[in-house]
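Reassemble the complex: the two chains are provided individually, in unrelated frames, and hints are given to aid placement.
Each protein sequence line maps, in turn, to chains L and A. Residue 48 in our numbering is what sits at position 48 of the first sequence, and the numbering runs on without skipping anything. For any residue, its number in our numbering is found by taking its place in the second sequence, counting from 1, and adding 1000.
FYI, nobody ran anything at the bench for these hints, they're computed from the structure. Treat each hint with caution, since some may be false.
Said to hold, decoys possible - FRET-style restraints, in silico, Cβ to Cβ: (1) A/1356 / L/24: 52 to 58 Å; (2) A/1387 / L/159: 51 to 57 Å; (3) L/38 / A/1157: 28 to 34 Å; (4) L/24 / A/1055: 48 to 54 Å; (5) L/38 / A/1422: 50 to 56 Å; (6) A/1206 / L/27: 33 to 39 Å; (7) A/1463 / L/130: 20 to 26 Å; (8) A/1164 / L/159: 34 to 40 Å.
From a predicted model like this one, the values you see are computed outputs, not experimental measurements. Even glycine gets a Cβ: it sits at the ideal position worked out from N, Cα and C.
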Amino acid sequence: MTTTSDGAAAQKPAGSETSRRRVLRWLWWGLGFAVAGELAWIGLSFVRPRRAAGATGDGPIFVAGPVGDFAPGTVTAFPAGSFYLARLSGGEFLALDRTCTHLGCTVPWNAGTGRFDCPCHASSFDITGAVIGPPAPRPLDHYPVRIENGIVKVDLETKLRRTAFVPSQAVSS
Amino acid sequence: MAVVQPARKGAAAETDDARGAARRQWLGRVWRSIFPRPLVARTDRERAALTRFTFLLHLRPVLVPARTLPWTHTFGLGGSSLVLITLLAATGILNMLVYQPVPGVAYDSVVAIQDQVPFGALVRGVHWWAANLLVVVLLLHIVRVFATGGYHGARQFNWVIGCGLLAAVLANNFTGYLLPWDQLAYWAVTISTAMLAYVPLIGGMLQQVARGGPEIGTQTLVSFYTIHTTIVPVVLIVLMGFHFWRVRRAGGVVEPPAAPGDPEGDDAKRLFLPDLLLREVVQALVIVAVVVVLAALFGAPLDERANPGMSTNPAKAPWYFMGLQELLIHLHPVFAVMVFPLLAGLGFLLLPYVTSDDEPAGRWFLSPTGRRTATLAAAAALVATPILVIADDLLAGGPSGLIGGGVLPLALAAGAVWGTFVLARRRYGASVNEAVQAVVVLLAVGFAVLTLIGVWFRGEGMALVWPWLR
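This is chain A alone, in the form it adopts within the complex (with noise of 0.2 Å):
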């Protein structure tokens, strides 16, 4: 600043000098106050400091325990659901400045995205891609959670705080399924607000709340619209900062027991960052790319216009929602939408609390006993629904009144339930943990297959066909 040049230099140049160092210096001046120590961080010191300083760093512990770094231990599906989020995030901003909610124009602003706007497929593609593989990563994240045991003590709440994120995923999915106003979203809409109608006393109040009115139109899509990008969003990133706050409460996921003979022993610790930031980017890049190229190449579907004149044949729900639908073919409907959805939901909801904290979380499936069970109870379930659902087709041909279609299958359900896990516990000597996980396994396994069967196996009219032959 003040230093003293010796004159030998020209007038002008030395102005000229001094000019450029004060510029310089002030921008140093704007840089710090915005970067206050270096980006790059040379020392393990320095990248503990960056980690502590910087905001969205600081987010994340300095230190996170080393046995939780292994790429199997979680498969990154939570991280990779908030990548998945804000690429939904910003391609839904992009889709809302061209989209119009309203019946007559709705499918040809859509169409405008498609055909019209530059990059406009892509957009409503990787939106398309990442909404379907957000269901799926979460629902393997829930599957991860669940097998490694990671619902018990200090995260037991955060298991309720999840089934709350899943339900408005699922919410938002469900709602933005309609937007596109063709004959796909108009009759998967249809039929799914239609089961709400099932429900005792208040079915006909629910649907016309979920419909703004006893058909599907305007208000319908305003409120879905609405819904999808107001209500839902909100909710999904109050959501999110409660569940991953807790998360960090809970110390990280849940650790994996040590090897016998590790040689660092219970307590090794490794840097945030680098070791789990750079794990976390790639896998980002990773989700991101094979979004992007899904989108490129397959893009998202788009129907004829919505026509309710005419229902498409079959007309079917969303693939998440195949499973309801499926058992709706074969049950009461009572049963089918309330009493079945109502006990699974509660149930699922309630896992942290049926079960004993005490066991040791972190080993995938337990042990090699609840790796057994479940692996019986999967093959068990595997084998069971189809041969149930072929039966109830050839037998029945439909549902029957409530005792055939809702007391008998109902009384079946918990049979298998209370025969899986007294056989758990007798035979394989299971604890109460790995019997429990034996009867989440069949059940969800048995849902998973009720849903392919309605995705791939329902044909027109939703008989049973072959996939390859319709």
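Only chain L is shown next, with the shape it has when bound in the complex (with noise of 0.2 Å):
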């Protein structure tokens, strides 16, 4: 073996031998990274998310129903679509996702205390969904709410994360 390559490196230019043998080594090292990374792609695009059709009640905009069967100061969970439609005492509305911002528990309305508590770690959040109790780090998501002819509709399909309650987020009627 030894003695081939060196009568051949002794024949040939020299370097022309060790040469082409690194563009072939260059070329299997390529070749084996880029299967690695076809198979890896493959692997990766079968445990990426897709999208969940259809998986909240009516589709995208929720009809939640005429202005007027909510009272002010009142909360009515849409367990359909996953949330709560809260009418502020100024008569505003504001779609509140049900899901706890701590680790993702259902809350439920108080209806006696006027608060969200959670049952899992006692978070608590009022009824504009802000944070009253820790640990949950940030109000509940909300969606837009639109009023088109007294009917009170709900876009499911944009969650809204804030860092706080303003008012601009409430809808009035």
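Take a look at the structure:
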């Protein structure tokens, strides 16, 4: 083996053999990495989350009902849409996601105390979804509300994160 | 064969005899093709040959060091893990014949295993108990390996493989937790996967990948089922083979030093068959008996059907993740789910490489000094952890900002680690390995206390309660 390569090196221009070998070696390595990359890509595309189609009730726009159905200062649960429709004392509407921002439990509305109390880790939120008791790090997420011809509609496609409650998040009738 | 028989009996009887002999001879040939040598070895020579030439036995050495044989040297924890994994595979396959990984019917199929399949509740119970005992036995195995210094020299990388095995077993326990699709499962997995969202930058993506979508649903169940029944078992089998091979290459389990005046000296050996094999079979039978009795007496829990609209109170992660959840109650989430676990995990993985190779291994807790410093560290963690938890509960009442809930506790933990190390070195004259051992004991006992607090002392709304008043 060594003698042939030595002989070849002696006959041919110096370095041609080694450079061919080097190219081939790089080619093999490159191909190997390409194959590994492709396989990894295929594997990863199988675990990449797909969009759950129609996961929420009636589709993206949820029709909650006529404005008059909701008294000021009350909270109505919509289990089909996984959200609460809160009507603040001033008459404004706010659609709140029911998922606790701490670790994802479902927060029930406690009409007696006027708070959302998370059963899992004792976070509490007021009627606007703002945190009044830790450990939740931020207010409940909310959805855009539209009022068309006196009907309250909620856009469940667009979940909005926020760091605090500001009055502009609520929609007046 | 070609024996000439005297023609004294009748011709018919003669052919019968010949036929019987031929049949016996043929059966003998088949038998010898399967078992070329006698199954019952009567002499040591035959036993050694049996060990060497039987497939299952040849995985073990013919001779083992006599000093590694006493039960209290290893407690047979590694072998017990293998027994439990075998039980899990057997019962898991039976469960797979009935179980359906689809949210609408998963719960019903588990109820069917429990109520309709004969011995179904027992099989599911064995699976549940073996899975939980496996985590306990593995943790004890790690304690044994660590405390007898069985992670130096040729064993260094096997410690890392062992960490991989622990991760795989935890992954399978966790994915299996979701499969019954009851309230317990649904909310424990909700909580655990929600912890991922606190990882900075990629947290949201990690959570979506873990759940297979924004919420726990069909996709989550199907991928958990696949991980549980295919991916992790394959990883486990490969890693176990690697782990055992490495043990064999290192010359078996770590040897304790010879007692002074030991008449047999350093190199006394015993035959694997029967001295070690008998002990292992006895231990395996005891383990199986314990699991079956536990399964028959207590069974596996099954809560009500999962209801995404109603969280349980309190909602707890599986018990082996409760220490993490307890951290989350006290610390800033980024520190609780990322900084602390990452630092601790990395330190744990690299233990063989931060300690010295030269110190004699094989003695429990290294030396009298090692034993004393380890005991003191354990006592310190046992006292300090509950005090810190209660103090944080009374003073802060929840996690505070990045400084109060992150940097400050990290500094406190770093101070405790450094203080323990320096104290062990200076005050007690411990070697580097003994001081590292004290630090690991401190952290491990601290985490164990956090887990116990999370499991038993947290009631409704995760408030601190006495378990007997719940």
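query = Within 28 to 34 Å or not, the Cβ separation of residue 38 of chain L and residue 1157 of chain A?
reply = holds, 30 Å
ask   = How does the Cβ-Cβ distance of residue 1164 of chain A and residue 159 of chain L compare with 34 to 40 Å: does it lie in that range?
value = Since the Cβ atoms of residue 1164 of chain A and residue 159 of chain L sit about 37 Å apart, the hinted range of 34 to 40 Å holds.
task = Please test the hint of 50 to 56 Å on the beta carbon pair from residue 38 of chain L and residue 1422 of chain A.
result = Holds: the Cβ-Cβ distance is about 52 Å, inside 50 to 56 Å.
query = Between residue 24 of chain L and residue 1055 of chain A, does the C-beta distance stay in 48 to 54 Å?
reply = violated, 42 Å
query = Do the beta carbons of residue 1206 of chain A and residue 27 of chain L sit within 33 to 39 Å of each other?
reply = holds, 36 Å
request  = Note whether the CB distance of residue 1463 of chain A and residue 130 of chain L lies within 20 to 26 Å or breaks it.
outcome  = holds, 22 Å
task = Given the range 51 to 57 Å, decide if the beta-carbon distance of residue 1387 of chain A to residue 159 of chain L lies inside it.
result = violated, 41 Å
ask   = Taking the CB of residue 1356 of chain A and the CB of residue 24 of chain L, does the distance hold inside 52 to 58 Å?
value = Because 46 Å falls outside the window, the suggested range is violated.
Comparing the model with each earlier hint shows violations of hints 1, 2, 4; every other hint is respected.
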